[in-house]
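Hey, can you piece these two chains together into the complex? The hints should help.
Chains as they are written, first to last, in this note's numbering: chain Y, 1 to 338; chain G, 339 to 840.
In case anyone wonders, no lab produced these hints; they're calculated from the structure. Just so we're clear, the structure is a prediction, and the values are computed from it rather than from any experiment. Cβ atoms here follow ideal geometry from the backbone N, Cα and C, with glycine treated the same way. It cannot be assumed that every hint is accurate.
[Stated by the list, open to error] Some chain Y residues near chain G, calculated using beta-carbon distances under 8 Å:
1. K39
2. L40
3. V58
4. D65
5. A67
6. L68
7. F148
8. S164
9. W187
10. N194
11. F198
12. Q226
13. Y283
14. I327
15. L336
Spelled out from the first residue to the last, the chains are:
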Amino acid sequence: MNLRCPLVALLVVTTLALPSCGNDSETQSLTVYSGRSEKLVGPIFDDFEAATGIDVAVRYGSSNDLALALSAEGDKTPADVFLSRSPGPIGYLDDLGMLSPLEAGVLARVDTQHRSPDGRWVGFAGRGRVLVYNIDEVAEADLPDSVFDLTRPAYQGRVAIPGSNSSFQDWFTVFRLRNGDEAAIAWLDAMVANGARFYPKNRAIVEAVGRNEVTFGLVNHYYNFQEIAANGDAQRSANHGFRPGDDGGLMIIATAAILKESDDQDLANRLVAHVLSNAQQRYLTNSVYEYPLATGIDPSPVLPPIPSDSVGAVDIDDMAAEFRHTIEIIEASGILDQ
Amino acid sequence: MVWRVLTASGNPLGLLVERRTLEPLWRTIQLATLVAVAAAVLGTGLAWLAVRTDLPGRRFWRIVIPLPLVYPSFVGAAAFISGLTPGGIVHDIFAALGMDLSLRLHGLFGSWLVLTLFTYPYVYLPVAARLSAMPTSLEENARLLGDTPGRAFRRVVLPQASSAIAAGSLLVFLYTVSDFGAVHLMRFETLTQTIFRTRLFDQDRSFTLALLLVALALAVVTAERRVARRSAPTEGIGDRYALLVPLGRWKTAATGACALVLGLALVAPTVSLADWGLLPYLDGRAGTSLRLDWADVVGPTWSTIWISAVTAVVAVAVLLPVAYLLARHRSSVGGIANGVVVGGFAIPGLVVALSLIFWTLHASPFEFLIGSMPVLVFAYVVHFGAQALRTAQVAVTTVPQRMDDAARLLGAGRLRRVTTVDLPLMAPGLAAGAGLVMLSTMKELPATLLISPIGFRTLATEIWNTYEASFLAETAVLALVLVAISAAMTWLLVVRPGRFPA
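Bound conformation, chain G alone (with noise of 0.2 Å):
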């Protein structure tokens, strides 16, 4: 639907291939593939360290290590960046330490960083699935065999993987294309910044561009799709046990490693947000007093637990089928879906907003239904869906065939053998997936002030209320309540289900 929407309210005439239009291309692929590959090694590295070792502490990394997904990129980047310049809180600390710190960040580097540490949670949770999902044996055959566990993960473990690092990393690729906040604070002019600033008065050129970010996107999945197509992974089903390796005095680096990401991706953030907006009004520097109350936290923080648990359990569900077509299908009618699934994560989500308003308001029969909570968890399915769809996939893709072959011969129907030979086969990965639906519309703004019914408050449109009044102090509370119940869902909705081994 959105796939024709777009061709229909863009003017696609004359594609500019103007300086004006080439530059922030090239720009948008730079930084895209730059922060995919970044996000790959840290989310793997992350992934690897908190599911196959004996890392201290791995329930609790294994809870905030996807958390930093959740900060919206407005918020996240314009916190990062206030902490880490001169006056802020991180800048400082080091100052302390003897380390000067003052770099300038903004531009390719800054934008890189930034959305580097906030998406790296798309390659991780895919990869963690796989890796608990993962037979252990070939794992232990290459140990026994003399391999040290530092050779085994190359040439056994990586292998394995490869198809949930595409997926994951596919996915960065294609936020950082889509991401506006981050790139817009870091001063980093790429194909979305010129969509927005050119949104409302030249609309001819917006949209051009938009259709030209779905290109680069279906380009780019269609070359994934190509790449994963030659590397199937081994067919596996994840032992009650996986196989633990031993850090031994790699221990602490591993440990050291792990908590600086999470320092500052979650924690440096968090922290600056806080001295930014609340130190004032601890210390009694402020001159008024926190204009916040409780009603203004509990039913936005309500509303964002359940749209989101709702959006996350409908995407699954809806796209499971259509990882199903692609997995085990090669049919034209799967390629069609997937791209217009992707087309819909790397289109700003202003854009989807749009459409959807214009396609519900004028040429369908839903009309009634605008303004309501349908049209708002079909916007962010058509947003996200291709998180979903992406683990799904890969999750597909790793049900041994011969099981599903061995319950046939023994008689199970089709629908019996989905319940009770997949469904628990590929909770893991679908629990993945769904968590990352869920962390990304927590954080959704543009469709959620667009098309929800009026006077639906999440913790984002908080978040943005108080930051565009900068009342950085309520912005804060409220950024840290959004980390605090993303932890508790995390936790709940992926952790829990996804029974990583113990």
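Excised from the complex, chain Y in its bound form (with noise of 0.2 Å):
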């Protein structure tokens, strides 16, 4: 019987690989959430441990399963810092009472429409809401200066809208507290009736524009990057941002926060102090493409204008029941089928 060959063999290899896990409490360490990928946030957690001596585990997931995993945990949880994409999943955390205040000194850093009125998170990268067109197809002369110019004819099945990204949804979210239900629905009617095109990701619609599947698409502006860099000119891709002021611009702020339950409050504001130095803010727009958000640190000059309000500026109640409403309206509107 061949078989018992292998499966030996494995059961060696178990038992071996096996003690591996385990905790050690003799130097200092912390346990973060991250809902930013590795190879975006990995460097400044390899900076603060080089640094500092402290040892910091990261577990990497999508922010919102890690949020539901905090969740599930509760007070049993190894976390001490969350890191997300955006406010909403810090948000259902904070419902739940999972978060403590951050220091003063640490939310000093972040202008006060970066970070939650009751100081229990801090926004510390910013993605932009941008329309990035076909550079063959547009002349840049021609480009609409409102999200609302998209209605028109001259935009007819030209758009692409990510209506189940959490991104979108986010603006979505914004775009109906300023301008009112009856008006954000009417402006998603329109745009379906205008033959909006739906994608599921803001990627996905990067690089159908690239190779002018479609005209238009509402994305963030940090995919662009990532394909000019992999593509160099074959990209015929750029991103626009609208006239300032334009509801169709929001920064979506990437966000720490500090969980309740974290045995190291100090040790925790550390790291998220860290997060917002100069260096790393530098890093992260340099390097990664966001906005930077600690006040004084100008970003990347490639970088299009910084987009006026963010996420964190609308002071949000209930974001659980707001994004719930959202999600109806798009839902609704039928762009999920387009």
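Written out as structure tokens, the structure reads:
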């Protein structure tokens, strides 16, 4: 029976591999749950470890999944710090009462519009909502000033919308709160009537625009930079920011928060302060192409102008209810079937 | 356990019998049925060609045919789409040949195509195992009595393999029902999609729909059990040399068919991944160099290999007794166990992971185990156990009762009978089940991310990591490594011990 050899080998492998788990309490350590990818924020933690000698263990995952895991872990969570792609998942944990306030000194690094009013989360990097367009199809002079222009006949069947994407939902929630439900629903319905096309993800849109499958797309600014990094001049798409103050532009901010159950709040605050330090903020804008949120740090010159609003700027009382309502409106519009 | 978790943490008040629930439900059933049927045809056909005919290069085909299963569906589907759309490499090749392939892949058709191509191995593996263990005498007799190979296949081989085909198709159905990645990219709103979209801000709805998913799975499983009972396969012992059907002038066509399927399911996504991310680096178009070094590949590769192999072995070991119970005895315990195992496969991996976190920490004496390997392996077994169970069940039913009886008459004890009679006869079937679990574990993502020990990396987590950051070239390299090691392990764990006749 040949089956036996690999089996024995595998059992040996298991016993060898198992003892790799376990906690050590000798050195100081922090546990971070990060909804930002390791390729983007990993170097920030490495620098922190090198500078302080504190061990940082990071669990990477999608922000929503990590928030759900944190709520399942509840008061037994090993996590000290949570980094989220957007304020939504953090708001969810805040509603559950799982966050503790950050130190005043850490909060002061960031403008009030990029942090929570009660000091329980702080933004550390921003991604702008922009209009990506195909540079062979559209002249720069013909680009629209406002997101409201996209319902005109000239844009019929040419605009892609990532209806199920969480950044789009963040944007639509703010758009709705600022303009009122009626105007927001009217806009979305007009977009659907104008033949707007649904794509599941930002990147799918940037790629589709690059190969001219669709001319325009409402996306986060970040993806076009990665496509250009990979394809160089062959990438035929560019970002366009709407007129300053237009509701089409919005900054989605990546946020940091400290868990109430963290047994070393000081250490956790030190880590968040490190993320907001000048050096790390420069890294985030120059290498990751995001907008720095600590005051006094200029965004990389290649980025489009800073959108004037951020999700954090709008005071959302019941985040969960608002997002639920947003999702209902998006579903009812029929955009997901386009 | 997962069963209890779901009913406890779910909040099934007021099942939403609304349009927004029923429509995704209907789409899910539609898609899963179509995919299951197509995968059954494809998987059975390929299994017959690879095991029962003189197809040139059989040994090679046996290793590569199961491989499309290993593509994590978010990468596989994405690569597939980008390859087939204008500008993609497959599209361009066809265009160069003068064929317009500008079908926009999305919705029901796109989801069906991609899922069929990535799931037919669920049928192929158990059917190939069954065919290689099947007595050739029946087929020989049919041929001697004047049946053509085709007729013998229809009248003898197909009925004999039917339980394996049903078991495999059921797995395809369940996989399709719980898939998120492919339908998401294909913009086809199924139940899983709705569950994911509402998971954070509308948990009642999310959990209710997850329960609905389980109910759907159980309904289908019950139906399948009914049918399977009616047509129990003939018991049989594999002859050392199975009958090989000479393909004759069909040889070229058969090879072409295998090549076409593998071309679409394995080569196309691989090539378009490479084209997508890697070529710009190779021809110097890209501004940066590859952001990946050896350490980023070797560690995750090793973790992937051992965790998937361990999970495969544990799954078979744990579920073999259940399979015995189901196949040899009719008891309600078996039925319940069957339901639990199958339910675990039908719900999204994320739900399995969250349930395990909750129960390990709050309602069991195993709190200290959180974030350890045993919990991770347990999660995999809960999630993928159905794959081992169905194939093991088929394997158990095909062990002839008379051999067991003969051994008992000769005074062999129960243990001795199992190890000397049953196990060797079941080896191909069990190996196939282990193979399915192994390939699935290799690509598992949500549970691996949420409950593995912190810092544990598999190729799937690294593929996700690079993909999330839009580092597509790196994604391509890692995906190629994943395909390569899954080929090696399929050979080691499935093909070799499976002892398909040469």
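Status of the hints after comparison with the structure:
Contact between K39(Y) and chain G, as hinted, is supported at the beta carbon level, the nearest pair being about 4 Å apart and thus within 8 Å. For the restraint placing L40(Y) at the interface with chain G, the shortest Cβ-Cβ distance is roughly 5 Å, inside the 8 Å limit, so the hint holds. Against a cut-off of 8 Å between C-beta atoms, the interface hint on V58(Y) holds, since the closest Cβ of chain G lies about 7 Å away. Taken as an interface hint, D65(Y) checks out: its beta carbon lies about 6 Å from the nearest beta carbon of chain G, inside 8 Å.
Nearest Cβ of chain G to the Cβ of A67(Y): about 6 Å, under the 8 Å cut. The hint holds. At a threshold of 8 Å, the smallest CB-CB gap from L68(Y) to chain G is about 6 Å, leaving the interface hint in force. For F148(Y), the interface hint is violated, since its Cβ never comes within 8 Å of a Cβ in chain G; the closest pair sits about 26 Å apart. With 8 Å as the threshold, the beta carbon of S164(Y) comes within range of chain G, its nearest partner Cβ sitting at about 6 Å, so the hint holds.
Residue-level restraint check for W187(Y) is violated (minimum Cβ-Cβ distance to chain G is 21 Å; threshold 8 Å). Interface hint status for N194(Y): violated, as the beta-carbon distance to the closest one in chain G is roughly 19 Å, over 8 Å. Interface hint status for F198(Y): upheld, as the beta-carbon distance to the closest one in chain G is roughly 6 Å, under 8 Å. For Q226(Y), the interface hint holds, since its Cβ comes within 8 Å of a Cβ in chain G; the closest pair sits about 3 Å apart.
Look at Y283(Y): its Cβ only gets to about 14 Å from chain G, farther than 8 Å, so that hint breaks. Satisfaction of the interface hint for I327(Y) is found here, the shortest Cβ-Cβ separation to chain G being roughly 7 Å, below the 8 Å cut-off. The beta carbon of L336(Y) is positioned within 8 Å of a beta carbon in chain G (closest approach about 6 Å), and the interface hint is therefore held.
In terms of the numbered hints stated before, the structure departs from hints 7, 9, 10 and 13, listed from lowest to highest.
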